[in-house]
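Engineer: Take the numbering used here: the final residue in the sequence shown is number 340, and no numbers are missing along the way.
Think of the hints as simulated: they come from the structure by calculation, not from any bench.
Check each hint, because a few of them may be wrong.
[Unchecked claim] Once the Cα atoms are required to be at most 20 angstroms apart in a straight line, the calculated SDA-like pairs of lysine to any residue come out as:
hint, residue 1, residue 2
1, K295, G67
2, K115, K160
3, K71, E303
4, K287, G327
5, K186, N197
6, K71, A300
7, K335, E303
8, K199, K231
9, K314, G84
10, K295, P159
11, K287, M325
12, K297, E326
13, K242, T209
14, K297, S318
15, K295, H307
16, K242, E219
17, K162, L49
18, K231, H324
19, K206, K271
20, K231, C241
21, K199, K70
22, K297, R329
23, K186, G150
24, K115, R104
25, K242, N225
26, K335, Q68
27, K271, C241
28, K287, N225
29, K199, P48
30, K199, Q90
31, K195, G150
32, K147, V54
33, K295, W81
34, K160, K206
35, K242, K195
36, K115, E164
37, K231, R254
38, K231, S249
39, K147, S137
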Amino acid sequence: MFLSFHHRDILSITPKYRITSYTSDSLLTNMVNTSPYVLPLDQPVVALDCTSAFNALTGQEKKYAHYLSRAAWNGGLVVLVQTSPESPLIHSLLHRIFIEKPLSEIKKTALDDAALSEDEFKAILIYLSGIITNTGNYKGFGDTKFIPGLPKEKFEAFVKHSAAYRNNPSLFQSIWAKVSDSLYSLKDNEKSLGFCGKGITTYFSGNCTVEDGNLVNEFLRYKSILAYNTRACKTVKNGISHFEVRLASAETNKEIAAAEEFKGAYFTVVHGDYSPIMKLVSENLLKAKDYAANEGEKHMLEYYSKSFLSGNIADHMEGSRYWIKDKGPVIE
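Produce the entire structure from the sequences given, and follow the hints as far as they go.
Structural biologist: Here it is as structure tokens:
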């Protein structure tokens, strides 16, 4: 339901090096019972290097690309929250580990100190790549959950022997305690995205059913509200459902409409969902506007920024009209 800021490749990115694929029969055998939920080990992990492409840009283009990428990165954080409750913590855990030291040092520590095999470390990289690619621990195509392709105790050893963990053990202990079970859990209602009892969703609160979802969508159509940047939370009072529709926007001071009855339930629409993130997205888009190549790009970014500021999808659509007309830009 959330319309995050999307743009095509900011820069042409070329692989700098490739880690050779290798597969351990023993490791794959150990994971056979969960194989539909483990990303295959026999695939390459590729590092993407945009240095040459970025260096070929003018100073103005570099700043434009930088602020676009900041807007996209910050906006992407919302997608983690929307994928599953644990996705933000998984991302935070792995991101903190892998920005602390070069990959070669992380691998050496994992093999020497945490006693991981080559294949187990490869499984860590594959899982990390999956989290980044899918922006969470559910596949973007198929909506099924995926878990690390190595035993939980080995994953824990990797975390607790990392330099990042040693530098801030209390923080990592807190994150691990919150995420370690859900990281590997494959209960029936966790294997795929879906409504209450049949899957995981963060577009609706955990007590919402398919029927609730249909009712919310009916209400949104009745109010002419597009659902792209909304989510809904349900509470029940005296047997009557009350839905709070949360609209993503940087602004939090907009008037909140009084509860409105609709088909036996009550609805309230509020602004300011994901406000701190929406503020960063809006601000960086305006900064990118200062370095745009033409008036069309300026109008595009102005409308996109307004959309994330107010939550008005019509502004986003207007920005997209300018985007379509921007033919052959150096940076998108």
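Engineer: Straight-line Cα separation of K115 and K160 no greater than 20 angstroms?
Structural biologist: Holds - the C-alpha atoms of K160 and K115 are around 18 angstroms apart, at most 20 angstroms.
Engineer: Would the hint linking K231 and R254 be met if the CA-CA limit is 20 angstroms?
Structural biologist: holds, 14 angstroms
Engineer: Measure nothing beyond the straight line between the CA atoms of K242 and N225; if it is 20 angstroms or shorter, mark the hint as holding.
Structural biologist: holds, 14 angstroms
Engineer: Taking only the CA atoms, is the gap from K287 to G327 under or equal to 20 angstroms?
Structural biologist: This hinted pair holds, its Cα atoms lying about 18 angstroms apart.
Engineer: With the threshold set at 20 angstroms, check whether the alpha-carbon distance from K314 to G84 stays at or below it.
Structural biologist: Answer holds: K314 to G84 is near 18 angstroms, not above 20 angstroms.
Engineer: Check the hint pairing K231 with C241 against an upper bound of 20 angstroms on the C-alpha distance.
Structural biologist: Holds - the C-alpha atoms of C241 and K231 are around 18 angstroms apart, at most 20 angstroms.
Engineer: Would you check the hint for K297 and R329, treating anything up to 20 angstroms between C-alpha atoms as holding?
Structural biologist: holds, 16 angstroms
Engineer: Assess, step by step, whether the Cα of K199 is no farther than 20 angstroms from the Cα of Q90, and give holds or violated.
Structural biologist: Holds, at roughly 16 angstroms.
Engineer: Going straight from one Cα to the other, do K115 and E164 come out at no more than 20 angstroms?
Structural biologist: Holds - the C-alpha atoms of E164 and K115 are around 15 angstroms apart, at most 20 angstroms.
Engineer: Does the alpha-carbon distance linking K206 and K271 stay inside the 20 angstroms limit?
Structural biologist: This hinted pair is violated, its Cα atoms lying about 25 angstroms apart.
Engineer: Going straight from one Cα to the other, do K199 and K70 come out at no more than 20 angstroms?
Structural biologist: Answer violated: K199 to K70 is near 42 angstroms, above 20 angstroms.
Engineer: K71 and A300 were given as a pair; does the straight-line alpha-carbon distance stay at or below 20 angstroms?
Structural biologist: Roughly 9 angstroms separates the two Cα atoms, so the pair holds.
Hint compliance for this structure: hints 8, 10, 19, 21, 23, 28, 34 and 35 are not met, and every other hint is.
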